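Protein chains: 2
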Amino acid sequence: MRDVAIIGIGETKIGELWDMSLRELGIEAGLSAIRDAGVKGEEIEKIYIGNMSAGRLINQEHIAPMIADYAGLDDVPSVRIESGGASGGMALTEGYMSVASGIHDIVVVGGAEKMTDVGDQEAKKILSATADWEWESVFGATFDSLYAMMARYHMLTHGTSKEQLASVSVKNHAHGALNPNAQFQREVPMKFVMGAPIVSDPLSMFDCAPLSDGAAAVVLCPAGKAESYMGEPVKILGTGMGADHMAVHDRRELDAMKATRQAGTKAFSLAGLKPKDMDFAEVHDNYTISEIMAIEDLGFFPKGEGGPATERGDTSLNEKVSINTSGGLKAKGQPVGAVGLNQAVEAVIQLRGDAGKRQVDDAEYGLIHNMGGTGASAVVHILGRWN
Amino acid sequence: MRDVAIIGIGETKIGELWDMSLRELGIEAGLSAIRDAGVKGEEIEKIYIGNMSAGRLINQEHIAPMIADYAGLDDVPSVRIESGGASGGMALTEGYMSVASGIHDIVVVGGAEKMTDVGDQEAKKILSATADWEWESVFGATFDSLYAMMARYHMLTHGTSKEQLASVSVKNHAHGALNPNAQFQREVPMKFVMGAPIVSDPLSMFDCAPLSDGAAAVVLCPAGKAESYMGEPVKILGTGMGADHMAVHDRRELDAMKATRQAGTKAFSLAGLKPKDMDFAEVHDNYTISEIMAIEDLGFFPKGEGGPATERGDTSLNEKVSINTSGGLKAKGQPVGAVGLNQAVEAVIQLRGDAGKRQVDDAEYGLIHNMGGTGASAVVHILGRWN
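Chains U and F are the protein sequences, given in the same order. The numbering used here numbers the first residue of the first sequence as 261 and each following residue consecutively. The numbering used here numbers the first residue of the second sequence as 261 and each following residue consecutively.
Please note that a few of the clues may not be correct.
Given that identical chains are not distinguished, each listed pair holds provided it fits within a single copy or across any two copies.
As the list claims (entries may be wrong) - Straight-line Cα separation of at most 30 Å, BS3-like style, residue types lysine-lysine; simulated pairs: (1) Lys526 with Lys536; (2) Lys485 with Lys526; (3) Lys384 with Lys451; (4) Lys300 with Lys526; (5) Lys518 with Lys300; (6) Lys273 with Lys451; (7) Lys580 with Lys617; (8) Lys580 with Lys495; (9) Lys451 with Lys580; (10) Lys580 with Lys526; (11) Lys534 with Lys485; (12) Lys384 with Lys422; (13) Lys518 with Lys422.
Hints in this document: simulated from the structure, not taken from any laboratory. These figures come from a predicted structure and were not determined experimentally.
Extracted from the complex, chain U is given alone in its bound form (with noise of 0.2 Å):
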């Protein structure tokens, strides 16, 4: 197995973009990741593309040719990688191995989702789609619904308070601010939080990330050569995959994600790290019982500590780990089948200096984790600086 490097990096802005079609968003992020790079058209082997339900979302599927000829490079196999929210860094993982094993050099991976142009409820419709249709969403339970059960118990079994949640809502709206990328760039204080329209109690309008338009890519390449290209490289250290129940209630758990732990375990294994050497995460905040719940089955709390910790302060922008400092999926916004890789692009602008305002300081080591569904897959990469 070869190092693979991270030597290009592309993205949209994330939003409601309504003059951008799925293809413009496709390729507008991956152009911009293969002039990062600086690679030629005829160097790329392969082009990954996770995408959620374009299907659904603009009657297209069979995208990744689609976005690949758009581009010019007809001439390039492609694929579409699909698990749900969990879409993007799944396309990583397949790009990384299709790169590490010796059988590709260089390979684009991207993400695109175009949710808008169905309105409101019917992209809520299709998110639930990826949770268990048969036994959750035809009776009714919504994506809002079911994470609001894991908040409930979670807060039941630990304490866990309604400001808590809300302070994951404020930190990640505060970071985003700093982020010229991201769908929302304004501070939302406490007391706008804690007032909004409840969603699915105890989650609340602030509780909630977006449904946006939005695409994100990377370039990869073995650590060998990375140096020969223009951009400058950063390495992924390890990944891994998880997996749990499809329905919410087939879990053990409640007040964690199975998927989220597994898939951890294995990235920091191979990567011979540790949660405490992380200098910051993008995690999959979807809602932020997410967050609370990612940021302790990653280790960085332990369970039922993610809350309390949020709520100091531990996990604000160069404090004991920066958490989601882009803004995550709250602030940044959620362009379901391209989080994966605009979670990449944070970490690799972190990891280069390049982050500005919202730069961890000395970033050396950074976590990506995205989850699919009400989590019944979870992705995990750890990113580290070149020199």
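With chain U fixed as given, assemble chain F onto it according to the hints.
Just chain F, lined up with the frame of chain U:
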């Protein structure tokens, strides 16, 4: 790179399976393959599932962990691979790479599609979403009509006749009559095919494959370990992917599939074999014209000779090269995202010598060819007998 073997196969009967859901189809095929291989659940390191459009067909995305969970494999990471009709073959490529590279030892690759719950017209519309929706389908260019244009051009350029197209259908129905898993198991005489109602001129009903329910799966392992398992192994000798413009109107050729040619060339090169070495091939005959183009583009016959060769009987069972001994998509059926795995299952059956009345004599090498959309993606594998 390690050599890779298929050590287990499983598939459902193909057809209108109204009493089975997608997850039931998936586990029937998957568990059959696992039993055939004699591997234990805890040995399985990853699951790849090819599927075109479960989101639209059954309201369910994120189907890989769903099927894994339902099979009792909720600890095994899984991911869905989508490339339209080539989803199954692309999943096989990803699985192959993950074993060849040394990353995984035991990997299950499945394909599943549940097409018939939505009705014929809706299923056809969903299939058309693997063409270019914005530039083809939305204007009324159905799959049928796009392939009809290719057929018309092939007829004009090479003198291919309607009888030659029909002879593909007659042959594949004759083969399907020998396959107990085929959707259609009876011979169809030439006069019925020639007299069938027109779907899109020059293609009539018997030129078009059905849309079906079904699933298929294989178990992969390193060739070095294959003999320690129960199932009789078969070697994967080569794999290749190809790509083309998404929309038919952007292509340079209308009588050939560039993606197929690219994929075939790569697979033959990796295997160190030539078309004349193949004893049989399963090619993607979603339309009769597709089979004629495929046997030309894969190098079995010169361009323009596919029609006459088929009419002469060169591609019938145990003639020059046995094409679609399973019955192909036309008679075995077309569960779209499963097709590539159905082809792999047939190849293994042939190479094990287990094909009964449709057995290819002394089958040593076989090729499988799977295509996405109207040809924007294609994938080829070359398989060989163990001893």
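Consistency of the hints with the structure:
Taking the closest pair of Cα atoms, Lys526 and Lys536 come within 30 Å of each other only inside a single copy of the chain (16 Å); across copies the shortest separation is 46 Å, beyond that limit. In this assembly of identical chains, the alpha carbons of Lys485 and Lys526 lie at most 30 Å apart whether taken from the same copy (26 Å) or from different copies (24 Å). In this homomeric assembly, Lys384 and Lys451 come within 30 Å of each other (Cα to Cα) only inside a single copy, at 27 Å, whereas the closest approach across copies is 52 Å. Proximity of Lys300 and Lys526 under a CA criterion of 30 Å is satisfied inter-copy only: 21 Å between copies versus 34 Å inside one chain copy.
When the C-alpha separation of Lys518 and Lys300 is checked against a cutoff of 30 Å, the pair qualifies only between copies, where the shortest distance is 22 Å, while the shortest distance within a copy is 41 Å. For a Cα distance limit of 30 Å, the shortest separation of Lys273 from Lys451 inside one copy, 28 Å, qualifies, whereas the shortest one across copies, 60 Å, does not. Taking the closest pair of Cα atoms, Lys580 and Lys617 come within 30 Å of each other only inside a single copy of the chain (18 Å); across copies the shortest separation is 70 Å, beyond that limit. In the homo-oligomer, the alpha carbons of Lys580 and Lys495 lie at most 30 Å apart inside one protomer (23 Å), although the nearest pairing across protomers, at 52 Å, exceeds that limit.
Taking CA atoms no more than 30 Å apart as the test, Lys451 paired with Lys580 passes inside one copy only; the shortest distance there is 25 Å, against 78 Å between copies. Within a single copy, Lys580 and Lys526 get their C-alpha atoms as close as 23 Å, which meets the 30 Å cut-off; across copies the closest is 51 Å, which misses it. For a Cα distance limit of 30 Å, the shortest separation of Lys534 from Lys485 inside one copy, 27 Å, qualifies, whereas the shortest one across copies, 34 Å, does not. Taking the closest pair of Cα atoms, Lys384 and Lys422 come within 30 Å of each other only inside a single copy of the chain (23 Å); across copies the shortest separation is 49 Å, beyond that limit.
In this homomeric assembly, Lys518 and Lys422 come within 30 Å of each other (Cα to Cα) only inside a single copy, at 24 Å, whereas the closest approach across copies is 58 Å.
In summary, this structure violates none of the numbered hints.
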